[in-house]
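Residue numbers (numbering that gives the first Met the number 0), protein chains in the order written: chain A, 0 to 454; chain B, 0 to 454.
Treat the hints with caution; some may be incorrect.
You can't tell identical chains apart in this list, so a pair holds if it fits in one copy or across any two.
List of simulated lysine-lysine pairs, DSS-like, C-alpha gap at most 30 Å [said to hold, decoys possible]:
#: 1; residue 1: K99; residue 2: K77
#: 2; residue 1: K26; residue 2: K92
#: 3; residue 1: K192; residue 2: K306
#: 4; residue 1: K306; residue 2: K322
#: 5; residue 1: K126; residue 2: K377
#: 6; residue 1: K163; residue 2: K432
Bear in mind the hints are in silico, worked out from the structure with no lab data behind them.
2 protein chains.
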Amino acid sequence: MKNIPHRIYLSEEQLPKQWYNLRADMKEQPDPMLNPATMQPAKVEDLYSVFCEELAKQEMDTTTRYFDIPEEIREVYKMYRPSPLIRAYHLEKVLGTPAKIYYKFEGNNTSGSHKLNSAVAQAYYAKQQGLTSLTTETGAGQWGTALAEACSYFGLPLTIYMVKVSYEQKPFRKAVMRVFDGNVIPSPSNTTKVGSKILEEFPGTTGSLGCAISEAVEKAVTTDGCRYVLGSVLNQVLLHQSIIGLESKTAMEMIDEYPDIVIGCAGGGSNLGGLIAPFMQDKLTGKANPRIVAVEPASCPSLTRGKYAYDFCDTGKITPMAKMYTLGSGFIPSANHAGGLRYHGMSPILSKLYHDGYMEAVSVEQTKVFEAAILFAKNETILPAPESAHAIRAAIDEALRCKETGEAKTILFGLTGTGYFDMTAYESYLDHKMTDYIPTDEDLQKGFDSLPKVD
Amino acid sequence: MKNIPHRIYLSEEQLPKQWYNLRADMKEQPDPMLNPATMQPAKVEDLYSVFCEELAKQEMDTTTRYFDIPEEIREVYKMYRPSPLIRAYHLEKVLGTPAKIYYKFEGNNTSGSHKLNSAVAQAYYAKQQGLTSLTTETGAGQWGTALAEACSYFGLPLTIYMVKVSYEQKPFRKAVMRVFDGNVIPSPSNTTKVGSKILEEFPGTTGSLGCAISEAVEKAVTTDGCRYVLGSVLNQVLLHQSIIGLESKTAMEMIDEYPDIVIGCAGGGSNLGGLIAPFMQDKLTGKANPRIVAVEPASCPSLTRGKYAYDFCDTGKITPMAKMYTLGSGFIPSANHAGGLRYHGMSPILSKLYHDGYMEAVSVEQTKVFEAAILFAKNETILPAPESAHAIRAAIDEALRCKETGEAKTILFGLTGTGYFDMTAYESYLDHKMTDYIPTDEDLQKGFDSLPKVD
Numbered sequence: 000m001k002n003i004p005h006r007i008y009l010s011e012e013q014l015p016k017q018w019y020n021l022r023a024d025m026k027e028q029p030d031p032m033l034n035p036a037t038m039q040p041a042k043v044e045d046l047y048s049v050f051c052e053e054l055a056k057q058e059m060d061t062t063t064r065y066f067d068i069p070e071e072i073r074e075v076y077k078m079y080r081p082s083p084l085i086r087a088y089h090l091e092k093v094l095g096t097p098a099k100i101y102y103k104f105e106g107n108n109t110s111g112s113h114k115l116n117s118a119v120a121q122a123y124y125a126k127q128q129g130l131t132s133l134t135t136e137t138g139a140g141q142w143g144t145a146l147a148e149a150c151s152y153f154g155l156p157l158t159i160y161m162v163k164v165s166y167e168q169k170p171f172r173k174a175v176m177r178v179f180d181g182n183v184i185p186s187p188s189n190t191t192k193v194g195s196k197i198l199e200e201f202p203g204t205t206g207s208l209g210c211a212i213s214e215a216v217e218k219a220v221t222t223d224g225c226r227y228v229l230g231s232v233l234n235q236v237l238l239h240q241s242i243i244g245l246e247s248k249t250a251m252e253m254i255d256e257y258p259d260i261v262i263g264c265a266g267g268g269s270n271l272g273g274l275i276a277p278f279m280q281d282k283l284t285g286k287a288n289p290r291i292v293a294v295e296p297a298s299c300p301s302l303t304r305g306k307y308a309y310d311f312c313d314t315g316k317i318t319p320m321a322k323m324y325t326l327g328s329g330f331i332p333s334a335n336h337a338g339g340l341r342y343h344g345m346s347p348i349l350s351k352l353y354h355d356g357y358m359e360a361v362s363v364e365q366t367k368v369f370e371a372a373i374l375f376a377k378n379e380t381i382l383p384a385p386e387s388a389h390a391i392r393a394a395i396d397e398a399l400r401c402k403e404t405g406e407a408k409t410i411l412f413g414l415t416g417t418g419y420f421d422m423t424a425y426e427s428y429l430d431h432k433m434t435d436y437i438p439t440d441e442d443l444q445k446g447f448d449s450l451p452k453v454d
Numbered sequence: 000m001k002n003i004p005h006r007i008y009l010s011e012e013q014l015p016k017q018w019y020n021l022r023a024d025m026k027e028q029p030d031p032m033l034n035p036a037t038m039q040p041a042k043v044e045d046l047y048s049v050f051c052e053e054l055a056k057q058e059m060d061t062t063t064r065y066f067d068i069p070e071e072i073r074e075v076y077k078m079y080r081p082s083p084l085i086r087a088y089h090l091e092k093v094l095g096t097p098a099k100i101y102y103k104f105e106g107n108n109t110s111g112s113h114k115l116n117s118a119v120a121q122a123y124y125a126k127q128q129g130l131t132s133l134t135t136e137t138g139a140g141q142w143g144t145a146l147a148e149a150c151s152y153f154g155l156p157l158t159i160y161m162v163k164v165s166y167e168q169k170p171f172r173k174a175v176m177r178v179f180d181g182n183v184i185p186s187p188s189n190t191t192k193v194g195s196k197i198l199e200e201f202p203g204t205t206g207s208l209g210c211a212i213s214e215a216v217e218k219a220v221t222t223d224g225c226r227y228v229l230g231s232v233l234n235q236v237l238l239h240q241s242i243i244g245l246e247s248k249t250a251m252e253m254i255d256e257y258p259d260i261v262i263g264c265a266g267g268g269s270n271l272g273g274l275i276a277p278f279m280q281d282k283l284t285g286k287a288n289p290r291i292v293a294v295e296p297a298s299c300p301s302l303t304r305g306k307y308a309y310d311f312c313d314t315g316k317i318t319p320m321a322k323m324y325t326l327g328s329g330f331i332p333s334a335n336h337a338g339g340l341r342y343h344g345m346s347p348i349l350s351k352l353y354h355d356g357y358m359e360a361v362s363v364e365q366t367k368v369f370e371a372a373i374l375f376a377k378n379e380t381i382l383p384a385p386e387s388a389h390a391i392r393a394a395i396d397e398a399l400r401c402k403e404t405g406e407a408k409t410i411l412f413g414l415t416g417t418g419y420f421d422m423t424a425y426e427s428y429l430d431h432k433m434t435d436y437i438p439t440d441e442d443l444q445k446g447f448d449s450l451p452k453v454d
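Chain A extracted, bound-state conformation (with noise of 0.2 Å):
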């Protein structure tokens, strides 16, 4: 008989009241963030032009283990969360392995996604201090819908300028922020003097992360109360997004399980930077020794095959320069579905982390992904993501290396959301059109090229 349930709940009560700052416990820190104009590592008064006071401080904080996350943002958590932990006994099945598989779902909200987390903490600090409005860029447009979620909430304008070719290939994504308020803005557009001077050059322009990125921070150093934010790679998404591993740590324990691999895929990092939070713990301070692996795109592999060098966060390179995994900025990542895996760098956390050998990293092909994504939605009854499906593809494969060995080991992934506005990437696998895209040693020159120089 089987005693552990498919789902297991966390009941209201265990909602996490703090967030777990994993800097406090390395014993190495990242190298400090640069601030571009003097090229001198950054203040946190250098910060205040571009976010919000309190989520500076927290971008700056590397010795502070434990934030309280305040009442008003408990509240909007208890919408969606805890979200379950759940045991995949139907895909452990069909695939005929000893090990046992866990996944943290966070697709239960209507933004569909983890970013939700983070989105309603800058929200409200946002709105604590007394800002207006805030802009953001949206790609595949998970982030998007979140920050607009959690802005129609706290009632607080947004806009969000989200890629031409996405805005019209997905006209859906814009529907649901349209829903939340969110004032979807295609790029590049005449709102903005970067947006109509790419626009006047080229004419026929689909756009590009990097000019909504421009557009969104033109458009929030050019009006009061306004600020730009970001939806991954900085310290202060990692932080709010712990939550999601400090949930999942209490939810095995209450089973009395403990993960031998945590799997996370990894874009920027906010997801597998929250996912593995309390278990990275556990190994900087020697308690456990979990495997931690990070999935990544073999088409954007910023990990497996990047630099670990000082490079700008955003493409608009208004942010602070941090060192990281990158391919540059310049990096033009071949076609690929999975959208929220595009991006040329990583976490300067996680990339640290890895740096010293805590952590994994595998890149995965996307033909593979689809596999995986499609026996999982068969078995499971969520159809995953493409991002989220990168995970469930390393999960499967450690799960059929233990059907090889014997060994009953205990995963647990993130399955970061839902796929219902992703069904163009399941129908191109479907109808056998989908290919997978490797870059060349010379397309990545060409990304490493485009790295500052940094003394």
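Could you slot chain B onto chain A? The hints should help.
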């Protein structure tokens, strides 16, 4: 301090082991189904050509109070059940109502609706009987998706005739069915005689539900080991859906609550019949007296403006005739975005209960429905299906009445599913292009003229 959490989850052990058959407690039974060939009451054997034997028995059984849920079905239910009962604290707050609002959320599976509860049962019994394939039709796509998911799990090939206009307008619905190996065919098609004939006569037609049903039925009766299955209206479907109400009642008992009002949207009645089952039992047996409210679109008002008469359940006229509230199978509902509520009739069980005064019915206009849907999404972080939003509208109206009277009533409504594939409808509302259609008495008369003559 609030003692009741936002979400109330049953443990896996509390997943019902039996479905509840409401007819066993009805003092007066619905009038018998009639065999359209003989106009005599149908016998269970008459149904064997249409339904699996086990399902035919469930269809006819008016005395067995509880049916055991086979272990194999419970295993699949455990993928997504028990489903959460949610206290709508945030919605209550924004409404400023003293009412306590609860909803049972059935959208936590890839099919995105409660339809999976009966699809799993119907696919299981078909497989048990040795059938080798199934056919069905789908309009909005929720039933087709649910049945594809269930058939995929049990390894049963499924052909889905999808109304051509939906097939073209909802390509992503089709894609989800394909993920689950569903063979989706736009109707009318050349795969059947009836389809070929219609295509020849009306080459540009975009199809109709009636035509899709006819094609699915023809395909089933001309294929060995194949059956045609239906996702609503039937007694067997209400039986399977009773799991919604049984779980809801147990969850409410856990927090010492009992609803004063139970509200559900009503198309064919599958959700409403399931949600209200145990509360109606209390009413029939004198244990309690909650108000039971069916909510239907003003554009397709079978309960509020229909006739209580014998009619065909399916437009293809293959199933026995049933006495029910109906607009006539020839009634053509005006455009409405809640495709799942665009049905001419109503479950015979619910019709009888309504006729005998155990149930109320209200009709609502779609712009008011979408207004409620968006308020709900913003405050409860679930984007509701247009069908489900009918129940939200009625629940909000009841809560606002409580605000006027100061009564702290306990309201329970069924949130049947998510609206991710209905963004065209949401955009229509946001763009102020949505209009309300209410049939005239003349429109209704045309439908009534199609009612069969029964002595």
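Now the hints, each set against the structure:
1. K99 <-> K77: both (29 Å within a copy, 17 Å between copies)
2. K26 <-> K92: Neither: 41 Å inside a chain and 46 Å across chains, both beyond 30 Å.
3. K192 <-> K306: neither (33 Å within a copy, 64 Å between copies)
4. K306 <-> K322: within (10 Å within a copy, 73 Å between copies)
5. K126 <-> K377: Close across copies (17 Å), not inside one copy (42 Å); limit 30 Å.
6. K163 <-> K432: Classified as both; 23 Å inside a copy, 24 Å across copies.
Hints 2 and 3, counting from the list given before, are not met by this structure.
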